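*Asks:* So you can see what is in the structure, the chains are spelled out below.
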Amino acid sequence: MDSGFFNTFFGWLPHVQLAHFLIVSAFLFALGLYGIITRRNAILVLMGVELVLNAANINLIAFSRYGTLKLDGQVAAIFVIILAAAEAAIALAIVLNIYNRFQTINVDDVSSLKE
Amino acid sequence: METFDIIFYIFALITVGSAFLVVFSKNIFYAAFGLLFTFFGVAALYVLLHADFLAVTQVLIYVGGILVLLLFGVMLTNKVISVDMKTGTLNTVPALILTAVVFGSLSGVYYATWSRTPSTAVTAVSTSKAIGEMLMTSYVLPFEVASVILLVALVGAALTARRGKNP
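Quick note, the sequences are listed as chains W and E, same order.
If you count by the working numbering, then the first sequence holds residues 1 to 115, one letter each, in order.
If you count by the working numbering, then the second sequence holds residues 1 to 167, one letter each, in order.
Think of the hints as simulated: they come from the structure by calculation, not from any bench.
No experiment lies behind these values; they were computed from the predicted model shown.
Some clues are possibly wrong.
[Unchecked claim] Computed footprint of chain W on chain E; a stretch qualifies when at least three of its residues, placed anywhere within it, have a C-beta under 8 Å from a C-beta of chain W:
{"#": "1", "stretch": "11-18"}
{"#": "2", "stretch": "22-30"}
{"#": "3", "stretch": "65-74"}
{"#": "4", "stretch": "132-139"}
{"#": "5", "stretch": "144-153"}
[To be verified] No more than 25 Å apart at the CA atoms, straight line, and that leaves these computed lysine to any residue pairs for SDA-like:
{"#": "6", "chain 1": "W", "residue 1": "K70", "chain 2": "E", "residue 2": "A112"}
{"#": "7", "chain 1": "W", "residue 1": "K114", "chain 2": "E", "residue 2": "S107"}
{"#": "8", "chain 1": "W", "residue 1": "K70", "chain 2": "E", "residue 2": "Y110"}
{"#": "9", "chain 1": "W", "residue 1": "K114", "chain 2": "W", "residue 2": "F102"}
{"#": "10", "chain 1": "E", "residue 1": "K129", "chain 2": "E", "residue 2": "V140"}
Built from N, CA and C at the ideal position, the CB exists for glycine as well.
The following block holds chain E by itself, in its conformation from the complex (with noise of 0.2 Å):
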């Protein structure tokens, strides 16, 4: 068992296990922050997989981003004062089913790629010059539309979220 090995478990302990937190938990901030603890994890299993860009956009987008987007809904949603923040479950019994049987079947197809070896060299490259390369060259194309689709996103969210004006 080598350091790689015992770092995976590790990671993959934490991902799981907040991400468990995450659907499971009564309180919605224990939730919130189950989710930074997952976003944190798999930012982990980006590195093990030779992705630092990746990683690091992991680490901004989701936990700097997203995660406190999320927060600011539940902070603007929830009457503070009357201290609603726990939150019911319904259709429990059918979900279960329904995820244990799409679960059974996704670990069944990928227990087929068991005995896989890494097709690169062990060394780990930067991937970031590489990777921008290919965002300006043979990608071109998808991120000038990722970047309009942002930019009309934002605008869109920012007009739709404005109180009063709007009927």
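This is chain W alone, in the form it adopts within the complex (with noise of 0.2 Å):
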């Protein structure tokens, strides 16, 4: 790639650090918090916690590449990767259940509980 375009647009911008990697996972997390706490609809609520645990992945890799970590940071991404589809699976399956049940999906309808 030529990076002459580049260097007289953007060569403004710093060389690449670790801190990059981690403020893009900074950015997703704080955005898939954001997701939990305003959305109404349950799936939509389960895709911000799906960016947080990406957000934790990248921090995971980011510092077996950068610090001392070494590759046990990747077994870590891989044990987060297997616990995120177990959880996606259980609670698509709850979704469904709460849909046959109450015919929504919206987090404050379901609040049979406060009677």
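Starting from two chains that each stand alone, build the complex the way the hints lay out.
*Replies:* Below is the structure:
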């Protein structure tokens, strides 16, 4: 790739360090948190959870590259992915059951524990 | 500015931008497609971090598995006839404040790591063999526990989602 064009316009951007990856992961974590809090649709809440898990994974792998964590970080990330798959399957099953019973998946409307 | 930096900035932009789409889109399908691009962008970041096996795993499990599962959930829980794909939000202001605080403190902590350089050599080697050996030696107990958890979770999910039989 020719970097001359990019140097002209984006030359002020700093070299990529560990902090760059961590800040991308902070963005994903914050956005996922925002989605979990504000969304009403249960499936969109699940999407927020996936964003948070991805943020954690980026951190693990970034530290395995830049820190002294070596491959242990990547193995931990594999376990996070495995648990995310299990979580998604279980949560979708629960959401389907909620839909069958209440005919809605708005997490606000499913409040029968209150009464 | 090197090629590595350019590629990183492009994929970071794709990842964060589509994550914004996931969180702020009114249409649930747009949110799902935003999640697709977020997962691909994260996989590209894994490649930049020399985690090739993790990148392939990310594409296979997240894009091929979890995202399709979420889309199935969307299809099964919305009445497509009545076009009720819009979705509302709540608690916007407190969530915005909390999110800003969390993001600010995380970024502040991360900024302390500014001038770290990679601890390993620049030449990338394939990590699949090493990870496989670690999973079969030092991580064999977590590996087996994870497999049992997956089995139990999938059987439980199939049983829970079955229609009619369970009360």
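*Asks:* Which constraints among the numbered hints does this structure fail? Numbers only, ascending.
*Replies:* Number 7 only.
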